[in-house]
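These are the residues of each chain, in order.
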Amino acid sequence: MYEPIVEVKGLTKVFKLLKAVDNVSFDIYPGEILGLLGPNGAGKTTIIHMLLGLTAPASGDIKVFGFDLKKNREKIIQDVNFSSSYVSMPNSLTVKESLKVFARLYKVKEKEKRISELLKIFEIEDIEDKLVRNISSGHQTRLNLAKALINNPKILFLDEPTASLDPDIADKTRSLLKSIKKNRSLSILYTSHNMKEMEEMSDRIIFLYKGRIIAEGRPEEIIRDFRRKNLEEVFLKVARGE
Amino acid sequence: MEVFYWPLLDLLVWGFITVYLAQFRQNLPGFITFFLGALILWDILFRSQQGISVSFLEDVWARNFLNLFASPLSSSEYILSLMLVSVVKIITVAVIMAALAWVLYSFNIFLIGISLIPFVLNLIIMGWAIGIITTALILRFGQETEVLAWAIGFMFMPVSAVFYPVSVLPPFLQTIAHYVPASHVFEGMREVISKGGFPLNELVWASGLNIMYVFISFLFFNWNFKVVKRKGLLVRIGE
Numbered sequence: 001m002y003e004p005i006v007e008v009k010g011l012t013k014v015f016k017l018l019k020a021v022d023n024v025s026f027d028i029y030p031g032e033i034l035g036l037l038g039p040n041g042a043g044k045t046t047i048i049h050m051l052l053g054l055t056a057p058a059s060g061d062i063k064v065f066g067f068d069l070k071k072n073r074e075k076i077i078q079d080v081n082f083s084s085s086y087v088s089m090p091n092s093l094t095v096k097e098s099l100k101v102f103a104r105l106y107k108v109k110e111k112e113k114r115i116s117e118l119l120k121i122f123e124i125e126d127i128e129d130k131l132v133r134n135i136s137s138g139h140q141t142r143l144n145l146a147k148a149l150i151n152n153p154k155i156l157f158l159d160e161p162t163a164s165l166d167p168d169i170a171d172k173t174r175s176l177l178k179s180i181k182k183n184r185s186l187s188i189l190y191t192s193h194n195m196k197e198m199e200e201m202s203d204r205i206i207f208l209y210k211g212r213i214i215a216e217g218r219p220e221e222i223i224r225d226f227r228r229k230n231l232e233e234v235f236l237k238v239a240r241g242e
Numbered sequence: 001m002e003v004f005y006w007p008l009l010d011l012l013v014w015g016f017i018t019v020y021l022a023q024f025r026q027n028l029p030g031f032i033t034f035f036l037g038a039l040i041l042w043d044i045l046f047r048s049q050q051g052i053s054v055s056f057l058e059d060v061w062a063r064n065f066l067n068l069f070a071s072p073l074s075s076s077e078y079i080l081s082l083m084l085v086s087v088v089k090i091i092t093v094a095v096i097m098a099a100l101a102w103v104l105y106s107f108n109i110f111l112i113g114i115s116l117i118p119f120v121l122n123l124i125i126m127g128w129a130i131g132i133i134t135t136a137l138i139l140r141f142g143q144e145t146e147v148l149a150w151a152i153g154f155m156f157m158p159v160s161a162v163f164y165p166v167s168v169l170p171p172f173l174q175t176i177a178h179y180v181p182a183s184h185v186f187e188g189m190r191e192v193i194s195k196g197g198f199p200l201n202e203l204v205w206a207s208g209l210n211i212m213y214v215f216i217s218f219l220f221f222n223w224n225f226k227v228v229k230r231k232g233l234l235v236r237i238g239e
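Going down the list, the protein sequences come from chains A and B.
Quick note: the first sequence uses my numbering, first residue 1, plus one each step.
Quick note: the second sequence uses my numbering, first residue 1, plus one each step.
It cannot be assumed that every hint is accurate.
Stated by the list, open to error - Simulated restraints, written as ranges between beta carbons of each label pair:
#1 A:P39 - B:W150: 36 to 42 Å
#2 B:F215 - A:G60: 32 to 38 Å
#3 A:R184 - B:F110: 58 to 64 Å
#4 A:Y29 - B:A151: 30 to 36 Å
These aren't lab readings, by the way, just hints derived from the structure by calculation.
Here a beta-carbon is modelled for each residue, glycine too, at the ideal position from N, C-alpha and C.
Construct the entire structure; sequences and hints are all you get.
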């Protein structure tokens with residue numbers, strides 16, 4: 001068995017009186033796609049923010065690559081990246097310039113080569129000289145994903161990465177992420193409201209409800225345990241408190 | 001709040017200018033030099049502060065903020081980069097204003113002489129300190145307080161003695177002005193224009209206060225940054 005790449009133990013976050021994340025523990029293994037599933041307010045995004053060191057936990061431990069995140073964030077974050085449909089790139093720069101900024105921040109070697117590769121992979125070469133503010137939301141999402149891979153991360157946190165993509169590009173993006181994961185043993189923590197996508201993408205799923213883990217396992221195991229036909233039905237059962 | 005803030009500032013600044021003109025109308029040396037020089041120098045301070053706080057807001061508005069802080073960029077590096085951006089903005093604005101003052105009013109800002117360099121540096125540093133504190137406050141209290149990016153700089157205008165000497169102010173405001181670096185710069189500027197020479201005493205005061213304030217502003221920002229991470233406010237402003 002591989003050693004986990006991320007170890008989360010007893011993670012808790014309280015906002016005023018609300019327990020957004022309540023004593024959550026899980027591991028992520030090399031080359032694994034772990035899906036975080038749950039209705040709005042379940043704590044998915046808060047967990048990602050804590051794993052990135054953007055929000056400090058009230059209690060609990062996070063280890064990434066075997067190092068304590070609190071003490072070694074600077075070192076860890078060099079091999080981590082993230083993308084979210086709620087976040088954009090600097091809009092006064094061109095597509096290529098904005099990738100250059102992040103290539104520098106992550107100290108990427110052979111920046112030009114890496115940027116050209118990513119522009120090609122995400123099919124945004126033809127808009128490389130356009131200002132980010134002038135590109136479509138679909139292109140923005142692809143640019144965000146290109147940014148997320150700029151440093152060849154070992155682990156990727158993706159918060160609803162395909163939310164604003166059309167079905168064709170969303171499908172291409174999923175295929176691409178799966179092929180990158182397969183070829184490079186990339187670990188991915190994935191959130192989405194698209195249940196089909198979660199079923200297709202995730203090796204394992206953690207189901208969150210009101211900040212707590214209520215189910216964990218392979219998608220088919222969760223569907224079986226809840227006695228439903230698919231994840232969407234499981235989601236509806238949990239969200240409606242049935 | 002805004003309804004009272006700007007009229008109050010206008011009343012204070014223009015009121016003290018009126019008092020100054022009434023008291024010294026017989027012997028106002030270099031009237032245009034005073035006013036245009038003061039205006040250009042004040043704008044340097046204002047742009048310096050905006051170079052920090054408005055550039056920060058541009059990252060917030062562009063929703064790029066979380067991308068930056070999810071990267072290896074530290075909060076201190078971010079502030080340093082904003083300082084560099086502010087220098088570029090200041091140079092651009094100062095060149096344009098100096099050129100326009102020369103073309104439109106035959107006013108040469110360089111008449112102030114060698115003192116202009118430490119004056120400008122002190123105003124930039126004071127602008128940075130205000131900008132860093134403003135940014136920290138917006139981070140802490142959210143985008144609803146982004147008006148601070150424009151308002152806080154002007155709060156210092158009445159006690160910076162930009163267009164009139166400190167002596168025009170009532171005693172309690174004179175005491176406050178004494179601890180505002182910009183007031184020493186503008187007093188120094190008036191001294192240079194009216195008497196010539198190098199206003200060493202004023203510059204030592206301005207520099208000493210600025211070193212202290214910029215240091216405090218860095219400490220405040222870094223402390224505040226930890227607080228907003230603990231309270232989950234960093235991600236709230238970033239999304």
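Going through the hints against the structure:
no.	hint	in the structure
1	A:P39 - B:W150: 36 to 42 Å	holds (40 Å)
2	B:F215 - A:G60: 32 to 38 Å	holds (35 Å)
3	A:R184 - B:F110: 58 to 64 Å	holds (59 Å)
4	A:Y29 - B:A151: 30 to 36 Å	violated (52 Å)
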